[in-house]
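Going down the list, the sequences are from chains A and B. To convert, note that position 132 of the first sequence is 132 in full-length UniProt numbering; the numbers rise steadily by one, no gaps. To convert, note that position 121 of the second sequence is 121 in full-length UniProt numbering; the numbers rise steadily by one, no gaps.
Be aware that one or more of the hints could be misleading.
Listed below are the simulated EDC-like cross-link pairs for lysine to aspartate or glutamate, each with C-alpha atoms no more than 20 Å apart in a straight line [what the hints assert, rightly or not]:
id : chain 1 : residue 1 : chain 2 : residue 2
1  : B       : K5        : A       : E231
2  : A       : K311      : B       : D189
3  : A       : K217      : B       : D189
4  : B       : K129      : B       : D189
If you want the footprint, here are the derived chain A segments under chain B, 3+ residues with CB under 8 Å [said to hold, decoys possible]:
id : stretch
5  : 302 to 309
6  : 371 to 379
7  : 460 to 469
8  : 534 to 543
9  : 547 to 557
10 : 576 to 589
Simulated from the structure, these hints should not be mistaken for lab results. Where is the CB? At the ideal position from N, CA and C, for every residue including glycine.
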Amino acid sequence: MAKRKQPEASPEVAETPSKRRRKTTEVPTTNGIHNEEEEAEAIPKPNNTPKKQEIPSRRKRKSAAEILVEEEEEEGNDAGSPTPKANGRTLFSTPRRTKKHTNGTPSKSKANNSARRKSARALAEQDEEEDDWDGQAALAREILEDEDGQVLVEAPVGGEQDENETTTTPVQTPSRGRGRPKGARNRRSPTPEGNIPPEERYFFQNRAGPPQISNNKFTSVKLLTHDEYYEHIQSYTDRHDADQARLMNLHARSFPQWKFEMSQGFGLCLYGYGSKRALVTKFAEYLYKTASKPASSHHPPIVIVNGYTPKLSVRHILNTVASAIVGEDETLRLVGQPHEMLDTLFAHLTAPVTVMINSIDAGPLRRGAVQSVLARLADHHMVSFLATADSPTFAAMWNSTLLDRFRFVYHDCTTFAAYSAEINVVDDVHELLGRKRMRIGGKEGIGFVLRSLPENARNLYRLLLSEILTILVDGIDGDGATTTATGFDDEDDNDNEAAAETEAGPRRISTTAGRAAIQKGEGAGAEEVGVEYRTLYEKASTDFICSSSMNFQFLLKEFHDHQLITSRRDATGTQLLGVPLGREEMEAVLEDLS
Amino acid sequence: MEYEKCYAFEPESARPAKRRRVEPQGLHASWRARHEAYQKAWREQKQRIDAELSSINSSTVLELTKFLDGAAQSNSPGAIPTAVLSTGPDTSSRTSVIQQLSGTQNLLARKVFISISATTGGNLKALLKATIQKATSRNEGIDDQEDDSAAQNKGAKLLNYDLQILANYVREKRLQQVAIAIQDTEAFDSELLSELIELLGCWLDRIPFVFLFTIATSLDILQQRLSKGAIKCLKGQLFDVAPSEDEVERAFEAITNPSTSLWIGPELMSTALERQSDYIQSIGSFVGAAQYAYMSSYYANALSIFLDPAIKPSEVSADHFEALRNLDSFRDYCRGLLDNNEIVRLRGLFDSDDSLLKVVRAELNRGTEALANVMIAVEVVRELQLWAQGSRAAVTSKSKLYCQAMSNKLAGSSLVRSLLLSTRKARSDAAMRTLTAVMGVDIPKNLKQQCAKIRKELTDMVMNQPNTGQTLRSEDNIRNSTLRTTVVAQKVELSKQKSTLSKQDAAYTALLRRFTDLLDGYLNKTFIDPKSLLFHEIFLYDLKSPNRETFTPRPRHAIERALAAPHDYLDCSCCAPEQGDVTLAASQPATAVLYQLYLESGSLINVSDLWQAFQAVLGDAGQTEQQQMALFLRDLAELRYLGLVKGTRKRADHIAKVVWKGL
């Protein structure tokens, strides 16, 4: 650095000793950057005191670190102004100009990484003086950038530039190579998506993304209710219907092959995108028609299992198979553990039976215990087994023992058919977005249930609703003072009928009068208003709605059974009661009740 | 029916509409005959494989049976006799041994053989319950009545995990032995296993237990896992089970039996073998692959009907003969006939199906014979390897050599050359052994005769040499010449000098050369290119893709491809990519659109942005906004169902990307 300095005729006498001094103190490796604290020291006072006088006096009592800082400042200063004026310090008199390129700072984080810098900063902090913060950082950065500009010799610093021009030059010069510029981490690298190996592709596709995400809220969009969804999805016609039918026919052409494979003791596993339920049914029909009829004209039974149906148990499957093989006349009851049931079943299994399982990788069947029962079932020589799998990773369910039993041959059966039965669309999306599930029936359903309940139950519900609404109103009224979060405004609630209080962004309403609590919901960001259990009970008893806590609990249980209320505990363990309705719906129900 | 949990299928209309009986036309017509031919061919093959496989562990099974018998005779108090089977990591071999054993043991009266595994029960109670039930339920059918009355006499009802039940049962039936096989010892919780052993040890005076542990790791590990008390209860003996590579080799040998009509080609065989060694799979999957190859060939190749030697010309439709005449190998054959001016014969093949059938039969026999000869030659090579290298470990496996030979890589290969060279260097005793070994192989007759002649000469030579008892040495052996280093003018000079060889040695060398030349000629003649055989399309099945697609699917790739490039599947006119460039288009299925937007995003996805982008892509495709919303919801739910996205708690209204494309 000293070398670098030499060409420029440094006019100040006071500076030369400082250079020497620095050499002895051995801190000149600096190509780093200042921290604000360091810079604070280095920055001139707003009153533009020429530093020339100040420096020597300070230096006497200052540590090496500060000297270093000063040095750099001087150096940078010199570099930045190729035409130093007689009192070169005046350059610093206009901190305003430096603001212009605060964005161009090349590597502020680099400074933080330097341990030496850190210690220097710590020393500097000891006798730091009150400085103006405005523009300091920027100024220091400018210094550094000027320095950078000098290192790259091609820095086009014009000789006669005025101050404004000089400030712009550092931005134009390419920044020095070491360390990536600020913000580069978040910028997407221009890696082409072409032929990169899978593991690289992972990193390509999982680049840090936060800055890419806007702050747009989905709250302003109203999700559809069940009815609306069905209405619109029914009215939608897919332009690819014909192509899907062709695809289906293509698969249907391999039915004889599948049948042959099944007859040879292989199991079939159909995978690929799209619901394969229709295909399976078609195949079952084909098997039914082409089955070689035994003398009794009794078709070999085909059992179809819908794996995606919630609460499906393996016992249910086994019992269905059992009743299918014995026919209508007898009944075969299987009891005990699934494997025992299977033993009993095998004892009666003398004729071939086909078992077809839709979505074998769906939730209810995914457990290892269930799969091992199914594998044993599939392994039996009288059982022809077919399974369809929807998820891309279904193969991970089976270990080698199970695979040995299934003896699967796999076929790609992409159908592009919609998963109409497999997915409960509206509920699933609500769950995905962390919103509470919408109660089927909504306002009308609740009204219907309430009408069938006794008078005091209705009164209690009314009380609950009014309490919750009061809290909501209070919360909004006290918005300025008590809510701290973003995105909560009246518009939200007016826009949204269905899930008003959940759709607002994160918000926190402090309890009003200590009797109500607002609490964060379980779902991501979703929040829910609730009334404390005890508060509601006290209110109810003062209103003569219920005489005892037993009575109160009984009523609540009734509500709970009909999904009229939701109940949960907040972080402190207090039980909170809420209503699974939007605000408008609550008001409507309240109106109906009174 | 789609919301039903499970149901027995009934067709829509109980009476199927009267269908026009469609008789299969053309080449399809022969499927029935081919099916029968397949059944026959595979049944034979399967029997051979089963016989090979059951023989492989027969000695172990025999030993185990002996052990069990011995345990039944001598009632050793205090310790349960235990057989520990070390099987290695392959799960199938252990099950096969246990199965064979239980098959023989359970037939015997007064003995019970049950096997339990870690999945039988997670706690002691469940394990005991299952054990007792399995042990006592064996011949319930025979004397059900008696059991009931006996139970009634007891009075107090015992809990179903009480070993007293088993003890009573043993006393009633006067059982000599209750053998418990534990199939996956490693999978058990070690404390549970120790507890079980200790408990059963306590009952040993009333119930004659015998244990059979199969271990995949080592005896030491088993010992470490068990408690000291449990180990005290056991009196063990170790048995070894053949490793799985041996099983594969045996199965392979059965598959390439000379009497097979359909041969599996080198490419398919090598991929199947590779898969077998890369992922330790049971022998069942290898056999399954072979079976599937048979199935594919008979199902898809109409000409496989000719593999049935008993087929009559009347049973084969004209289409098949037409197809025969279009085979590449037949065309080459015809060209050869033309070149030889055998026009009349050629004419006959074209005009008469009968004469063609005759040729086909003869050629099929010749072809399979040639392949069987390849197997014999492979065996010769292995014998040479064994005697040249001197150890079993150096011998290349038969399956590997088969794959090389069948892809015509062995004829004149460096492997064979170096083998013959090293044979040439052998001393007379080693050469004698090699000769004998080669003659032990099922080589053609004339070769055998010539070998015998050489052997006789060699014997004479050894007997007639002056100092009997000394072996003859070959000139070609480098060890018989010495290297001499001389320092001449500060330079080292190397000079080779043949050590003096006797006249007999020279004669011996000549004899050896005759032998190796003979072998060389034989091997070069036998290692033919199977693809050059006439009608190899019929008896040689070597298609990799059907097996690959059915046994090693890529479901993830299929789904990703369907969503990222739906045109590949739908083949629709609207979504056809321009110039091979897959792009987002409103005409694509909505889920595909959403998926491609999903691919473009980072690990967190703002649903609002996603919705806006989705809307923008769909644009004015003719749906209302509500419809678009419905589609959006549906597709979002589909992505979730496929496991591509999940909810996140990091930010509200965001979803997390779980799966990346292209793995």
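Each hint tested on the structure:
The straight-line distance between the Cα atoms of K5 (chain B) and E231 (chain A) is roughly 25 Å, outside the 20 Å bound, and the hint therefore fails. At most 20 Å may separate the alpha-carbon atoms for a hinted pair to count; K311 (chain A) and D189 (chain B) exceed this at roughly 30 Å. Between K217 (chain A) and D189 (chain B), the direct Cα distance comes to roughly 51 Å. Violation of the 20 Å bound is thereby established for this hinted pair. The suggested pairing of K129 (chain B) with D189 (chain B) holds, with an alpha-carbon distance near 17 Å, which does not exceed 20 Å.
Interface restraint, the stretch 302 to 309 of chain A with chain B: holds (6 residues with C-beta to C-beta distance below 8 Å; minimum three). Counting residues of the stretch 371 to 379 of chain A whose C-beta sits closer than 8 Å to any C-beta of chain B gives 1, which falls short of three, so the coverage hint is violated. Coverage of the stretch 460 to 469 of chain A by chain B is violated [criterion: at least 3 residues with CB-CB distance below 8 Å; count 0]. Remark: the stretch 534 to 543 of chain A is not confirmed as covered by chain B, as 0 of its residues place a Cβ nearer than 8 Å to a Cβ of that chain, below the required three.
Only residues whose beta carbon comes within less than 8 Å of a beta carbon in chain B count, and the stretch 547 to 557 of chain A has 0; fewer than three means the coverage is violated. A count of 0 residues in the stretch 576 to 589 of chain A with a Cβ less than 8 Å from any Cβ of chain B is obtained; the coverage claim is therefore unmet, three being the minimum.
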